[in-house]
Amino acid sequence: MTVRVLLFASYADALGASELALEVPSGARVRDVLERVKGLAVGKRVPDKPMVAVNQRYARDDQVVSAADEVAIIPPVAGG
Amino acid sequence: MRSAIVARTIDTCSLLREVSGSRNGASVLFVGTVRDLNDGSAVSGIDYSAYATMAERELAEIVREASSRWGTDDIVVEHRIGTLEVADASVVIAVAHPHRDEAYQASRYVIEELKKRLPIWKREHYLDGRSEWVAQGAPTESSGSHTEVAGR
Numbered sequence: 001m002t003v004r005v006l007l008f009a010s011y012a013d014a015l016g017a018s019e020l021a022l023e024v025p026s027g028a029r030v031r032d033v034l035e036r037v038k039g040l041a042v043g044k045r046v047p048d049k050p051m052v053a054v055n056q057r058y059a060r061d062d063q064v065v066s067a068a069d070e071v072a073i074i075p076p077v078a079g080g
Numbered sequence: 001m002r003s004a005i006v007a008r009t010i011d012t013c014s015l016l017r018e019v020s021g022s023r024n025g026a027s028v029l030f031v032g033t034v035r036d037l038n039d040g041s042a043v044s045g046i047d048y049s050a051y052a053t054m055a056e057r058e059l060a061e062i063v064r065e066a067s068s069r070w071g072t073d074d075i076v077v078e079h080r081i082g083t084l085e086v087a088d089a090s091v092v093i094a095v096a097h098p099h100r101d102e103a104y105q106a107s108r109y110v111i112e113e114l115k116k117r118l119p120i121w122k123r124e125h126y127l128d129g130r131s132e133w134v135a136q137g138a139p140t141e142s143s144g145s146h147t148e149v150a151g152r
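Top line first, the protein sequences correspond to chains A and B. Going by the numbering used here, the residue at position 14 of the first sequence is 14; the numbering climbs one at a time, nothing skipped. Going by the numbering used here, the residue at position 19 of the second sequence is 19; the numbering climbs one at a time, nothing skipped.
None of these hints come from the bench; they were simulated from the model. Mixed in with the good hints, there may be bad ones.
Unchecked claim - Label-pair distances were calculated between CB atoms; the ranges are: (1) A:N55 x B:E65: 17 to 23 Å; (2) A:A41 x B:Y126: 27 to 33 Å; (3) B:S14 x A:G27: 48 to 54 Å.
Everything numeric in this text was worked out from a predicted model, so none of it was measured. All C-beta atoms in this analysis are idealised placements derived from N, C-alpha and C, irrespective of residue type, glycine included.
Based on the provided sequences and hints, a complete structural model is requested.
Here it is as structure tokens:
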């Protein structure tokens, strides 16, 4: 299945994209999606265990994702 | 209760008016502004960007938490995104309550939580022409941080 992965701020700059479409096996978990990102030539610039959100909620790395989900890799936040 | 991510100047006084009322004996207004100096570098301005849909949702949740914990619906928060200059307000939190102690505590809770949880980022521009993404010290390396954030 194809999963949509959103990138922001420093991660979007580092990877040169604000959105990725990644092929992962069905039943894949957040950590599997991260593995795919890290497997990209530019993916090394993302830290090992970044914060991730699935459908606009912070998610653990063992959460299962589906093709309809919006996965986002969240750089260190700096609001306020 | 109301919260919003906005791309315009925040009208500080109108937020205060929105929460004030005769039942409330205390109104607390917090205004976060862009500083002219950060880590020794002279700042000329900041670009704020957000994962807007999530930031709106998370901010609304923080306000709901403060409302139920301190027992007041009179909480209004706006966080600005886009290009801000020094001294511009980036975040304004207005809280009113019958008593001051609860008003102060609820206001403090909202600012501390939003700094930890809102998916908002800032790129600082310096007078010498450099610019950098600012990391505010949020945990990024351990998977434990996911549980901590999501569990609130």
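TODO: Check the following: the C-beta atoms of A41 (chain A) and Y126 (chain B) are separated by a distance inside 27 to 33 Å.
DONE: Taking Cβ atoms as reference, A41 (chain A) and Y126 (chain B) lie about 31 Å apart, which means the hint holds.
Task: Status of the given 17 to 23 Å range, CB of E65 (chain B) versus CB of N55 (chain A) - done: Because 20 Å falls inside the window, the suggested range holds.
Open item on the list: Against the range 48 to 54 Å, how does the distance between the Cβ atoms of S14 (chain B) and G27 (chain A) compare: consistent or not?
Closed with: 50 Å, holds
Checked against the numbered hints given earlier, this structure breaks none of them.
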